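Peer 1: On the provided structure of chain A, position chain B as indicated by the hints.
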Amino acid sequence: MSLSQSIVRWRYRLLPDHVMGEILNKKWADSAIPFFALVLIVAIFGSIVPRFFEFSTMSILSAQVAELGLVVLGLSIVMISGGIDLSVGSTFALTVTTALYMMNVQGASLGTGLVATLGVGVACGAINGFLVGILRMRAFLTTLVTLIIYRSIFDIVFPKISTDIVMNYPESPVFEFLGIGLIWGLPVSFLLMALVSIALHIVLSRGRYGWRLMAVGGARRSAHNAGINVRWTVFSAYVACSAFVALAAFLFSARIGSAASDIGAGLELQALTATVLGGISLGGGRGSVSKALMGTLFVLMLSNSLLALGIPGPVNSLLLGLILVVAVFLDVRWVKNRHKLLRAVYISPTYNKMPPAISTDDGPMEPNDRLREVGVIGLGTMDGAEDVIFDRDDNLYTGSRHGDILRWFPPDYTRHEVFAHIGGAPMGMVFDAAGNMSVCVGGMGLYQITPEGKVSLQTGETNRSWTSVADDSVMKLADDCDILPDGRIIFSEATVRFEMHDWYADALESRGNGRLICFDPKTGTTKTLKNNLIFPNGVCTSYDGESVLFAESWACRISRYYYAGPKAGTVERVIEGLPGYPDNINRASDGTYWLALMGSRTPALDLSLEMPAFRRRMARRVSEDAWLMPNLNTGCVLKFNEKGEILESLWDLGGQKHPMITSMREHKGTLYLCGIFNNRMGTLKLPDADQTWCGLDSYWRKPE
Amino acid sequence: MTAIRRFIDRRLGRGEAAITVPILDGPLMPNAALDNAEVFAEINNVDNLVAAEKGLFCSSGNTLLRLRWGEATAEEEARFDAPISAMAGGKGMLALGIEGQGVVIRGGPHDGRCFGGAGETGPVYPTSLAFLDSNTVLATEGSDRNSAANWRRDLMEKGRRGSLWRLDLETGNATRILGDLAWASGIALTGSQRIWVAESWRHRVITVDLATGTSTPVLEHLPAYPARIAPAVNAGFWLSFYSVRNQLVEFILREDDYRQRMLAEVPEPYWMAPALASGLSFREPMQGSQLKQMGVMKPYAVTRSYGLVVQCDPQMRPLRSFHSRADGVMHGCVSVCERGDELYVASKGAGRLLRLADVAREG
Numbered sequence: 057m058s059l060s061q062s063i064v065r066w067r068y069r070l071l072p073d074h075v076m077g078e079i080l081n082k083k084w085a086d087s088a089i090p091f092f093a094l095v096l097i098v099a100i101f102g103s104i105v106p107r108f109f110e111f112s113t114m115s116i117l118s119a120q121v122a123e124l125g126l127v128v129l130g131l132s133i134v135m136i137s138g139g140i141d142l143s144v145g146s147t148f149a150l151t152v153t154t155a156l157y158m159m160n161v162q163g164a165s166l167g168t169g170l171v172a173t174l175g176v177g178v179a180c181g182a183i184n185g186f187l188v189g190i191l192r193m194r195a196f197l198t199t200l201v202t203l204i205i206y207r208s209i210f211d212i213v214f215p216k217i218s219t220d221i222v223m224n225y226p227e228s229p230v231f232e233f234l235g236i237g238l239i240w241g242l243p244v245s246f247l248l249m250a251l252v253s254i255a256l257h258i259v260l261s262r263g264r265y266g267w268r269l270m271a272v273g274g275a276r277r278s279a280h281n282a283g284i285n286v287r288w289t290v291f292s293a294y295v296a297c298s299a300f301v302a303l304a305a306f307l308f309s310a311r312i313g314s315a316a317s318d319i320g321a322g323l324e325l326q327a328l329t330a331t332v333l334g335g336i337s338l339g340g341g342r343g344s345v346s347k348a349l350m351g352t353l354f355v356l357m358l359s360n361s362l363l364a365l366g367i368p369g370p371v372n373s374l375l376l377g378l379i380l381v382v383a384v385f386l387d388v389r390w391v392k393n394r395h396k397l398l399r400a401v402y403i404s405p406t407y408n409k410m411p412p413a414i415s416t417d418d419g420p421m422e423p424n425d426r427l428r429e430v431g432v433i434g435l436g437t438m439d440g441a442e443d444v445i446f447d448r449d450d451n452l453y454t455g456s457r458h459g460d461i462l463r464w465f466p467p468d469y470t471r472h473e474v475f476a477h478i479g480g481a482p483m484g485m486v487f488d489a490a491g492n493m494s495v496c497v498g499g500m501g502l503y504q505i506t507p508e509g510k511v512s513l514q515t516g517e518t519n520r521s522w523t524s525v526a527d528d529s530v531m532k533l534a535d536d537c538d539i540l541p542d543g544r545i546i547f548s549e550a551t552v553r554f555e556m557h558d559w560y561a562d563a564l565e566s567r568g569n570g571r572l573i574c575f576d577p578k579t580g581t582t583k584t585l586k587n588n589l590i591f592p593n594g595v596c597t598s599y600d601g602e603s604v605l606f607a608e609s610w611a612c613r614i615s616r617y618y619y620a621g622p623k624a625g626t627v628e629r630v631i632e633g634l635p636g637y638p639d640n641i642n643r644a645s646d647g648t649y650w651l652a653l654m655g656s657r658t659p660a661l662d663l664s665l666e667m668p669a670f671r672r673r674m675a676r677r678v679s680e681d682a683w684l685m686p687n688l689n690t691g692c693v694l695k696f697n698e699k700g701e702i703l704e705s706l707w708d709l710g711g712q713k714h715p716m717i718t719s720m721r722e723h724k725g726t727l728y729l730c731g732i733f734n735n736r737m738g739t740l741k742l743p744d745a746d747q748t749w750c751g752l753d754s755y756w757r758k759p760e
Numbered sequence: 230m231t232a233i234r235r236f237i238d239r240r241l242g243r244g245e246a247a248i249t250v251p252i253l254d255g256p257l258m259p260n261a262a263l264d265n266a267e268v269f270a271e272i273n274n275v276d277n278l279v280a281a282e283k284g285l286f287c288s289s290g291n292t293l294l295r296l297r298w299g300e301a302t303a304e305e306e307a308r309f310d311a312p313i314s315a316m317a318g319g320k321g322m323l324a325l326g327i328e329g330q331g332v333v334i335r336g337g338p339h340d341g342r343c344f345g346g347a348g349e350t351g352p353v354y355p356t357s358l359a360f361l362d363s364n365t366v367l368a369t370e371g372s373d374r375n376s377a378a379n380w381r382r383d384l385m386e387k388g389r390r391g392s393l394w395r396l397d398l399e400t401g402n403a404t405r406i407l408g409d410l411a412w413a414s415g416i417a418l419t420g421s422q423r424i425w426v427a428e429s430w431r432h433r434v435i436t437v438d439l440a441t442g443t444s445t446p447v448l449e450h451l452p453a454y455p456a457r458i459a460p461a462v463n464a465g466f467w468l469s470f471y472s473v474r475n476q477l478v479e480f481i482l483r484e485d486d487y488r489q490r491m492l493a494e495v496p497e498p499y500w501m502a503p504a505l506a507s508g509l510s511f512r513e514p515m516q517g518s519q520l521k522q523m524g525v526m527k528p529y530a531v532t533r534s535y536g537l538v539v540q541c542d543p544q545m546r547p548l549r550s551f552h553s554r555a556d557g558v559m560h561g562c563v564s565v566c567e568r569g570d571e572l573y574v575a576s577k578g579a580g581r582l583l584r585l586a587d588v589a590r591e592g
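Protein chains in written order, with the working numbering: chain A, 57 to 760; chain B, 230 to 592.
Hints may contain errors.
[As the list claims (entries may be wrong)] Heads up, simulated SDA-like pairs for lysine to any residue below, C-alpha to C-alpha not over 20 Å straight-line:
(1) A:K396 / B:G242
(2) B:K527 / A:F733
(3) B:K527 / A:H557
(4) B:K387 / B:N402
(5) A:K713 / B:Q522
(6) A:K409 / B:A493
(7) A:K758 / A:D450
(8) B:K527 / A:D681
(9) A:K409 / B:D486
(10) A:K713 / B:D409
(11) A:K392 / B:L241
Derived by calculation from the structure, the hints in this document are not laboratory data.
All of these numbers come straight from a predicted model, not from anything done at the bench.
Excised from the complex, chain A in its bound form (with noise of 0.2 Å):
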């Protein structure tokens, strides 16, 4: 190997890319454009303005952030929710009115202060939500009309009691601690808001609730489709928003104690950009309360700074202005392209160097047509046969990609029923002692089917590995299975970063992204037993007793694990270097094994897995539909011993009714072939076997 290669091949040990498309998969990913803009301010104005770090600056600024950043929170929800409240300066100036006479004329109780503050509040935010919600009004227009009639009723409203607010103080001596006091030397207002964002987060992040409205925001119509109760859920972001004003607004009565007939004017953009600035999306669905905050962080420290600086207020509220406009054009650019950043950056191809290739020129590897002529089973009814399997009756066990499991009665096969719906598409499927199926289901996980076809979920979900960045819980791509003779079922999962269909990208990764797993159903319990496995595809149990055997599709090598005995928990190479892509292996008659090997390696192929820079920019560039794939057209299947030599080969060379072969199965005296995009399955009569032989049989002994 050349030093160069060597580079290439370190580079990629030690550089895992793969993790810079997860990371960007991540819903906080979305953050960094907001944190980032964060830290510019921070720079920018730390450095200019006088006494920007000093704690009293702080003090003043956190107590800022608590009233503000309650509104953007509120804000925040409406918007997630797929809506906007404009309305929310003018439910500040009523919030704020009340409060203060409620404290300094009536000379109420906290308690019965925030009650009413609150009140008003969710009277606000129910006309918003009823005319929004319920009657499905423009959300703009809307709040627009209303900013316009709670603004009137303020003024109708406060020159009356203005005078009586100024010449009182509230009898509180809660109310003021919680304007002025500190506690472990911040202001109350802003542990409260610490208080009320951490209990939002996880409302919105693992709340049902938070679901709801991210479901609502994100797609309207799928919600409704999906039993959500559209309606109710943006009337209740609207009241939820417009409590959180009046928490705002209470917060900010205690402080400063007075209030001025320009309250809460100019709230609403101050509000509405630091929630696009925090990335919270004005087309709804995106959106947390680390976003809002950073948002309202912003913001404030703009304002606060170019006060500072004494830049007079109308060039104040023009930069907010124009920042928002700049917050807008990112956010409509960033939802519209991130999908395609994502794609791009989400496929990392590794290096891969494969092993000399087994000859195919002699030896038992030659090429034949003895495949060409075989028989033929439920033509252009079958769709998506990935494996096959039969009982003791001779029923034979299929799956379709409709997400059925066919039964096909002997002795022709030519009839069928649909034995059990399960959805999704079904793959590997196995038989334990009791004659209970259990199929691997792309997509879906391990399910088990009585023989009465009663269809229930065996395990979705495995352990997570500690050095996932994204959750690699749930099963994406379960693929073969085989049965322990304790009962154990062992299985493959492909690969855990792509969906099924898209099984071409994790080709052309060709990074371990599979693993084998292990489900006891005595217990119940799901434990992946081998992380790190190249599209690990078919699973049979050696006839050892200690192991089992697997492929690995595109490393071409069959390996054995030992989940017994002395070398148990390890993993042994069996065969290296195959000329094709393993699939499937299973049982054979006399003692060995089938392996279907679904397609060929193609040198042009082989030369791309050692230059990984060349199928990253590839797959960037070049349409899928001109990808550079495994050769899928011409397989073969061929038949192995315990000690991993080949003993014969059956081809179709040019793949003419058998391309891609994915599992195969022997069942008294005959091979059965199938593919998983073939419209057929086909059966090859097999003279010198044993005619009596069930596959069965060789699990669980014959019956008595």
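Peer 2: Chain B in isolation, oriented as in the chain A frame:
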């Protein structure tokens, strides 16, 4: 400035780095006409069709064959010690291009005249020939390094060493009219001093003024690599093609590391490069859409080999076309000739001589 632009283009896949391929549309709308055509004869490596009084001449590797009109059996006329790579007929003569040995004249007053052989000037690897008059032959050479059969290598090496020659049969002088062509592969006359030359790797047909030696592109941005140009009775032309362009090939042409390693390490039949025929071996590369679904190869799959013959008007504007698509086999149609109302098409990739009855009259 250009360097910066190039750098940006490479990042973003714009300008020269763009790998977009024009689609087959308009007069080039795909059909299955070549697959539906009558298979007139099965001749391995059939190429270089020339219609003469005595019958239809064609080549098969080293041998020159003749099919009497109306008969599908070929008689051997002559055998050479290298493959025949070009042929033209006229005035009772045949001009033959022999790989590595240049151009040889058979019959007529100049019988036996040679150009480009050992120690002579002239095209060594002729790709096409045409009689300008009874004493002059025009010849194209794909490259002075790669033989005509090595066109795939020349394409993947981004060859720019093609040339156009004037061969004087009386004096034996060979004059190079034009050089630096990206694989000149076809030639046709217009009756004036302007002639057509197909420049394959630049996907275009150019017109060359024989008097001044200046060239102008005429038919550009072709979605395929043009091969030879044959005259049509109605003063138009028949354009034949090696294969269609493929987005992945365009991409690899811009990926020098991979391209050079492929040329050096991968055996030629298994290159990811255009071909006259594909699907012959399971070691040939496969592209995404070529995967058979439900036992069927999609006709619109991307492909490395393709059959395409285009009829052009006298101004070299495409009028209509005949195709064999990804699911067909009549690929690599690099030579055509017209006789009466019939069009003969040599599918070199499939080793079939096709006859399309009554197509020459329409159009």
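Peer 1: If any of the earlier hints don't hold here, list their numbers in rising order.
Peer 2: 4, 10
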